[in-house]
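Protein chains: 4
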Amino acid sequence: MDKLRVAVLGATGMVGQRFVKLLSDHPRFELEVLAASSRSAGKKYAEVVHWCIEGEIPERAAGMRVVEARLEDVKHEGDVDLVFSALPSEVAREVEAEFAREGIPVISDTSAYRMEPDVPILIGEVNPDHLGLVREQRKRGWRSFIVTSPNCTSNAMIIALKPLMDEYGIRSVIVSTMQALSGAGWTGVPSMAITDNIIPYIRNEEEKVEREALKILGRLENSRITPADFKISASCHRVNVLEGHLEAIFVELDKPAEPEDVAETMRRFKGRPQELRLPTAPERPIIVRDEPDRPQPRLDRYAGNGMSVVVGRIRRDPVLRNGVKFLVLGHNTIRGAAGNAVLNAELAEAEGYL
Amino acid sequence: MDKLRVAVLGATGMVGQRFVKLLSDHPRFELEVLAASSRSAGKKYAEVVHWCIEGEIPERAAGMRVVEARLEDVKHEGDVDLVFSALPSEVAREVEAEFAREGIPVISDTSAYRMEPDVPILIGEVNPDHLGLVREQRKRGWRSFIVTSPNCTSNAMIIALKPLMDEYGIRSVIVSTMQALSGAGWTGVPSMAITDNIIPYIRNEEEKVEREALKILGRLENSRITPADFKISASCHRVNVLEGHLEAIFVELDKPAEPEDVAETMRRFKGRPQELRLPTAPERPIIVRDEPDRPQPRLDRYAGNGMSVVVGRIRRDPVLRNGVKFLVLGHNTIRGAAGNAVLNAELAEAEGYL
Amino acid sequence: MDKLRVAVLGATGMVGQRFVKLLSDHPRFELEVLAASSRSAGKKYAEVVHWCIEGEIPERAAGMRVVEARLEDVKHEGDVDLVFSALPSEVAREVEAEFAREGIPVISDTSAYRMEPDVPILIGEVNPDHLGLVREQRKRGWRSFIVTSPNCTSNAMIIALKPLMDEYGIRSVIVSTMQALSGAGWTGVPSMAITDNIIPYIRNEEEKVEREALKILGRLENSRITPADFKISASCHRVNVLEGHLEAIFVELDKPAEPEDVAETMRRFKGRPQELRLPTAPERPIIVRDEPDRPQPRLDRYAGNGMSVVVGRIRRDPVLRNGVKFLVLGHNTIRGAAGNAVLNAELAEAEGYL
Amino acid sequence: MDKLRVAVLGATGMVGQRFVKLLSDHPRFELEVLAASSRSAGKKYAEVVHWCIEGEIPERAAGMRVVEARLEDVKHEGDVDLVFSALPSEVAREVEAEFAREGIPVISDTSAYRMEPDVPILIGEVNPDHLGLVREQRKRGWRSFIVTSPNCTSNAMIIALKPLMDEYGIRSVIVSTMQALSGAGWTGVPSMAITDNIIPYIRNEEEKVEREALKILGRLENSRITPADFKISASCHRVNVLEGHLEAIFVELDKPAEPEDVAETMRRFKGRPQELRLPTAPERPIIVRDEPDRPQPRLDRYAGNGMSVVVGRIRRDPVLRNGVKFLVLGHNTIRGAAGNAVLNAELAEAEGYL
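Chains as they are written, first to last, in the working numbering: chain A, 18 to 371; chain B, 18 to 371; chain C, 18 to 371; chain D, 18 to 371.
One chain only, chain A, in its complex shape (with noise of 0.2 Å):
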């Protein structure tokens, strides 16, 4: 069976560079495209790129030539059978609509149209249903659809709690992050900004958190999403960590639950993806840890090839009816970004979607 042909858009940033690499050597797609800015169109990835990951380049990808990330200068460099989008939000809404509605899938890894009703925030593990609700984008007149992933913070947190709402349900829930410099990209924050220091405010992070997840958690009926019945509210902060988002959660349960229980049902939490097994895929999307001082960020943020979200330090909390709490650290780069994307792709692939 051929491999499908996929361009990244948006190549050159952070979450561009990790597409790069998941999708360099990847068994379903062949990377056939680099788009970036007009900027960098014409020259090669090697030249324009500040390769800032674990590693070399991929060499393939090194030689690319870039083009522009327009659907024309796309399709003129090639073929292409799905893109994967990291394109900055100024310019997302409109570009991956052009894809969309020419035939391309779009594998979005931006803001743009999570919010949209008829656009579903994907989690192979948790909301792998809620692909069927790309159908509705054909009224929109368009010939594809576009996919999306949520917020990098939203991600973990959302793994972690998607057993706890089928096994106890979930009434409310209160996360506070300390959130790695990579989700700010290459640039966003200034080494002097955050040596000896925090910065307690990342913009419009915690309307994403409080919103993305009940979206996502929520149930496809009738071609729309009922957002799940709880309230989420988030207060987040950038740490001086490079990549891994550590987030301290406390979760009022609809049915009181032992610790112990609780990890057990995530030790066992398995998704669509695991069924499949689809190739990036962690064989376990939750890793509990024992330790008492774990998860952490440099520790743990590989686990699973970065797929996996880190678990510890669940106990009771005495303030929430039927409370705990626990710590939960994922990749934000891989997990919270490019490697759901991927596995979003390759969901869609395996159920007929491409």
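The hints are simulated quantities; they were obtained by calculation from the structure and are not laboratory data.
Predicted model, so just to flag it, every value in this text is computed and none were measured.
C-beta atoms are modelled at their ideal positions from N, C-alpha and C, and glycine is treated no differently.
Incorrect hints may appear among the rest.
Below, a sample of chain C positions facing chain D; criterion: calculated Cβ distance under 10 Å [to be verified]: (1) P44; (2) I216; (3) K342.
Computed footprint of chain C on chain D; a stretch qualifies when at least three of its residues, placed anywhere within it, have a C-beta under 8 Å from a C-beta of chain C [as the list claims (entries may be wrong)]: (4) 188-198; (5) 205-217; (6) 307-313; (7) 323-337.
Here the structure of chain A is known, so what remains is to put chains B, C and D in place on it, guided by the hints.
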């Protein structure tokens, strides 16, 4: 009026150094004796201290001979009217009692006696009346008394909660901390452990935070303290910051309150130390900042010479009933430790206890 | 005697902020005008500056209206007797000349005119006589003059070398630097670039270090400077430190010298600013520390209010003839920039040039 | 051919952990015994080790019972053909001799025997012939021998210097280092000491660097080593980097050399381990990078699985005769410690010494 002669017990540690600095040029106290472990005894302070706070060792202290932190040795070195204690917890219990028994008041920053029913945990602005509790200690056969200070993490939170409790009533509190390295002492956190990392665990810290606040915010009646009647849930984490604990706080109030009213209530807050114009009292116990990205540890920790706590990002909490959430920052070794204790001593003197 | 009225050009950058701080409570200079780019013009200083140095924005400056950094706009805002320039290098050349031409002396911290034969690079303690060179600038048709300050890295090294050159003669110098983040400006070094890392390259820095020192240590004769007659080799590196450049220096002397004699020579060193008791002059231009592990940037950068350089670990060098090696630390935005320029202005005034 | 059975002495420290990792899946060595201090003896490795290198503890090692690092205990635990030693220096001298005396070869990474005239300090690519020196150790009455590895700082420098010495001759070397935290062990550098700071001193380090290189680059004749005939001057500094020592090197050559020729000479360099295709030998001992801002510790330390050194910024030095300067980076606990020792063992086996 003559200055009171004071000793610092545990003078070489990080909190001990803060005591030495704060007391080196104090209008009411004269630094007479520096005491530490037997290893340091007999040597000059400058020779045994690993001075690690801003500025040089105060000149007079630098030349003082260190004695062992025992009643006998301290008395032999000089007559003292009171002692400040920053002893390691293993020895604090016995040594502090020795002084109190023999009639020398102990202003302690250790945890040894904090939860004893006849010992106040004192924050000048919050529960000055609890000082009266010390009279109960005579029943132990002590000629003088011990006054303690709260844990550094509790301290900042409690100061921020006090005006809210008075104005709106508090039902419950959830707090997620990002604590500084100095809280663990000079060698407490290896650089290999915390660089590009977070340690999501601080031994016994959550228990202290969940318990101390209720005692401090409790009512003194009939010589005993009735703890405040609400619940606290804490999640405590160590981040890569030198000084200044930052805490994300979620509060359920009895009565609804607009964020701007909460801000105003905090801004107006003054306590007994401000009324008495005590030397170490900050003009404003709580500084509320309006910028969206403050407080930040490096920029705000020295507000009010490290004695003010800084609050920011006051906003509604969508989960808790009458909920508000905000951030509070306190200098953990000044307001959260030595500075609070010095203020306690000033209060005790002004109120006639010394 | 009335204070001189001054403007700061480039007042919003990191060096500009240092100027504002140093000049806000200065006995001889009165801050009259704050000038920056056209983007900031018309707004209050507090609104446009991203204040990032210790303490709050000086109150008076906070409320001042910023004007564009052009002669016309500055003059329109107020009469000024001299200007301090921390302009970006692209615009410094033209704007500084404009002021000098029209009779307003320019005390510059930019590199624009440093290597011009008729412009002195001035360090008060090292080459105060070079001030005389400014008379040559009249030949340009200028009614006043420009005085420059050295690059921040050169500065600390040169102050340390000056007494050695006078006492023993210098044959050659090798210097390897560990430079602070602030040298690149607030956004100069992304946190992603420097966390757990070193960047072993600073554009144009080695060239400046290898050239400027020879001019500053040169002799002024017949209205021209004969550069010092030795060679310098530099290797410049950026490390994860907020402020304070640390430099490992290896010197080949003309005459042999014991390390303790070198230390004594440095300790004794005083210059014209100390003789004249200029307000910004540190009591000791060079502080020599005896501890084996000093100077350290965080502990020593504020020595002499950031105007002293701190030397340590003076020892024989086994490779160079009559070789000594040592470390020197200088506060790069105070002694290495704004503080040096303010001292230059004080010197110019005291010597009758203003 | 059966694998050789090996023990690791000092298996719980940072270098010990590297040994365990490198030997856990080694084609020629089988990890039989893990030995450490008496405190750890009798417990499982996973219980006593504070694992702090990338990835998890190798599964088999995790379950192994630790014994005390003494001949008797190690022999009792299992038959071993050789031991790797990463013992603390206080005990290394006696324990290593014990093994060598009783006929078990010791591949050491400690400094205990480095400067003994009959003990080689071995770098496979640099002085493989020095292995022959071990025969001299029989005169001590030992049935087997000790081979040592250089200090981590010397190691990277020497590998970079070796091809220059062979091609151009070396007259002198000046080196200024920026060394990683792991060199001091897990608890060696407190975070309070190094955050926003540099420590410009590492005990005994400069002496080692100035001495070891000359022995390693010396000639073995008539059973003794004549040290290389040039001088080295070192200035050693600790910076805030987890792993990877970066060194600025200034070399005086015998013959003039263009930077591009130096680069080519380094690139071509191969040694005996490459000829023999030893399992741990990197394909290229020296990787030369052309970018102006490389090598960087975080980006380059794992080049060649941490066994290559990375050189960059080769340029003329204006001070030294026939001078060149460049930067070199080596992974201090792999190439600079455990990896070098494992390569030494592979070489010893291939050359018939085991």
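Here's how the hints hold up against the structure:
{"no.": "1", "hint": "P44", "in the structure": "violated (32 Å)"}
{"no.": "2", "hint": "I216", "in the structure": "holds (6 Å)"}
{"no.": "3", "hint": "K342", "in the structure": "holds (6 Å)"}
{"no.": "4", "hint": "188-198", "in the structure": "holds (count 5)"}
{"no.": "5", "hint": "205-217", "in the structure": "holds (count 6)"}
{"no.": "6", "hint": "307-313", "in the structure": "holds (count 5)"}
{"no.": "7", "hint": "323-337", "in the structure": "holds (count 6)"}
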